[in-house]
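As a plain string of letters, each chain reads:
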Amino acid sequence: MRTSLNEIKKTEDFLTGKLSAPEAVLMQARLLIDPVLKMNLELQRKVYALVTLYGRRKLKAEIEDVHDRIFHDPARAAYREEIAQLFSKP
Amino acid sequence: MMTLTAMEHDISTPAAREKFFMCLYESAFPVVGKFVSSRGGTFQDAKDIFQDALVIFYEKTREGNLSVEVSDEAYVLGIAKHLWIRKFNHDKSTVPLDEREAVTLPDHYFPTVESGKLVSFLARAGKRCMELLQAFYYEKRSADQIRNAFGYGSAHSATVQKFKCLEKVRDMVRSKSVTYEDFTE
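Keeping their order, the protein sequence lines are chains A and B.
Be aware that the first sequence starts at 442, since it is given in our numbering, and climbs by one per residue.
Be aware that the second sequence starts at 144, since it is given in our numbering, and climbs by one per residue.
Keep in mind that the hints are not guaranteed to be accurate.
With the C-beta cut set under 7 Å, the calculated list includes, among others, these residues of chain A facing chain B [claimed, not checked]:
(1) 488
(2) 497
(3) 503
(4) 511
Simulated from the structure, these hints should not be mistaken for laboratory data.
Note that CB positions come from ideal geometry on N, CA and C, so glycine has one too.
Can you make the complete structure from the sequences, with help from the hints?
Laid out in C-alpha cells, this is it:
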C-alpha cells in the first residue's frame with residue numbers, strides 16, 4: 442500500500458488499541474509534534490462515527506419497511522387493533 | 144407468535160434481518176407501545192423509540208453483547224425505557240427500571256445536526272465508499288464476505304480499497320469542516 446494508506450492503517454490500529462506498546466508510545470510522541478497527523482487522526486475518528494450513523498440510517502430504512510409491511514398486511518388486522526387500543530383516548 | 148432467543152439470532156443478510164425485526168415487531172412492539180402510552184406518549188413516539196431500540200438491539204446482538212438470561216422482549220423494553228428517559232429528558236427516577244433493564248446506550252446515539260448533514264452529504268457524494276465502509280465497520284462483515292459482495296479480486300484488494308475509501312471520506316469531511324476546532328472536541 443502507498444505511504445498515506447499505511448498511515449491510515451496505523452492510525453486505525455492506534456485508535457483500536459492494536460499497536461504494540463512501543464509502537465503506541467511512538468505514535469503518541471508523533472502526535473505531540475505533528476499537527477497534521479493529529480488532525481488526520483481526529484478526522485479519521487470522525488469518519489468512523491459518520492459511518493456508524495450511515496449504517497444506522499440504512500438499518501432504520503430496513504426497519505421502516507418491516508413497519509410498513511406489518512401495518513398494511515390484511516392478515517395482521519388484530520395486531521394493529523391491539524396497538525391502536527393502546528393509544529385510543531378513554 | 145414467534146420468539147427468538149439470543150443464541151438463535153441471524154442478522155447477517157437483509158432477508159435474515161427482516162425476519163429478525165418482524166419477530167420483534169410482533170413480540171416486543173406491543174410491550175413498548177404499552178409503556179410509551181402509559182407515559183403519555185403517542186403512537187409516533189412509540190414507533191420512533193421502538194425503531195431506535197431495534198437498532199441498538201441489533202448492534203448489541205452483532206457485538207455478542209446480549210445476556211442469554213434476559214428475553215429479547217425484556218431487553219428491547221429496557222433499551223426503550225432508557226431511550227425514553229434520554230430522548231425526552233425525563234427524570235430517571237420517574238421511570239421504573241428493574242435490574243434486567245440495566246442496559247447501556249451507545250454514546251452520542253442521537254446525532255448532532257452537523258453530523259446528520261455530513262452523513263447526508265457523504266451518502267450523495269461518496270456513496271460507494273460509504274457502502275463499503277459500513278459493510279466493514281457497521282455490519283462487521285469479513286474481508287472475504289465483502290470481496291464477494293462488492294466484486295473485488297481478493298480479500299486483500301477489498302482491504303486496500305477500505306483504506307482508500309477511509310482516505311477519500313476523511314478528505315471529504317475535512318473539505319466540509321469549517322475549522323480545525325470542529326474535530327478537537
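(request) Determine which of the earlier numbered hints do not hold for this structure and return their numbers in increasing order. (result) none
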